[in-house]
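In case you want the letters, here they are:
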Amino acid sequence: MAGKIITIAIMDAPYESANSTSALRIVQSALQKGHGVNVFAYEGAVNLTMKAQQPHPNPVKGTSVEQEQHPTTKEWIAALFKLAQEKGAKLDWVNCGLCVDERGAGDWIEGPKRGGPKDFLEASLASDATLVIATK
Amino acid sequence: MGKYVLIESRAPFDGPDSEQFYELAEGLAKRGNETTLFLIQNGVLPTRKRSRYNGMLSRLVESRVRVIADRFSLRERAIRSPLEAIIQADVDTLVDFILEPGTKTIWH
Chain G
848 MAGKIITIAI MDAPYESANS TSALRIVQSA LQKGHGVNVF AYEGAVNLTM KAQQPHPNPV
908 KGTSVEQEQH PTTKEWIAAL FKLAQEKGAK LDWVNCGLCV DERGAGDWIE GPKRGGPKDF
968 LEASLASDAT LVIATK
Chain F
54 MGKYVLIESR APFDGPDSEQ FYELAEGLAK RGNETTLFLI QNGVLPTRKR SRYNGMLSRL
114 VESRVRVIAD RFSLRERAIR SPLEAIIQAD VDTLVDFILE PGTKTIWH
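As they're listed, the protein sequences go chains G and F.
Counting in the numbering used here, the first sequence runs from 848 upward without gaps.
Counting in the numbering used here, the second sequence runs from 54 upward without gaps.
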């Protein structure tokens with residue numbers, strides 16, 4: 848059943864909700880199966896790809912950056928772009944431009960592009976399935 | 054007859070929404086629709102044995118709702134032996150269901 852297209856809208860900012868993890872797991876699974884994925888990052892989700900994210904130590908546990916191995920969402924998403932390339936599947940990631948401007952989140956990793964709700968609508972109409980993961 | 058995938062990410066202990074979502078799944082199934090309820094994140098918590106929602110989940114299964122719990126979410130919450138009526142699966146299965154032609158998917 849490879850070669851289908853799924854469009855996913857996400858809205859949660861990083862490190863706030865398990866929704867982000869679940870969304871990225873679904874994207875990973877679809878790409879692994881050879882499906883194309885469109886992601887529309889809306890509202891706080893535009894921060895997921897920010898280049899300036901840095902891992903941190905944990906002063907409570909007394910662990911260093913290296914020991915903590917703190918994951919960043921930008922690294923996970925960069926890995927998804929790499930997976931798409933390896934699988935020959937398309938990952939189209941659109942960050943909502945107005946949401947980006949509001950948050951000053953315009954410096955992101957290689958891969959995502961700027962767009963708007965129109966892109967989500969068009970992607971959805973051209974997809975086999977659409978999933979909207981709204982914030983609580 | 055339609056196909057529906059309802060994804061429940063919340064626990065019913067947090068508010069009345071989840072119970073209404075279960076009722077939506079039951080209603081869809083009773084009207085002859087192929088209905089899957091995929092429990093993920095805290096949505097898997099009521100699958101723990103002796104939860105007050107065990108009866109509700111069993112009733113959904115009896116109503117021909119396919120109730121699936123995400124293995125990853127179960128592991129995170131130390132639910133090693135969930136309610137027997139519940140199917141355990143990974144998001145790979147969820148992706149397959151979502152991409153079945155004519156399927157409508159709702160996330161809660």
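One should not assume that every hint holds.
[As the list claims (entries may be wrong)] The calculated BS3-like cross-link candidates involving lysine-lysine, where the alpha carbons are at most 27 Å apart (straight line), are: (1) Lys-56/F with Lys-983/G; (2) Lys-157/F with Lys-983/G; (3) Lys-898/G with Lys-960/G.
No lab work stands behind these hints, which were simulated from the structure alone.
Quiz item: Hints broken by the structure, by number, lowest first?
Solution: none
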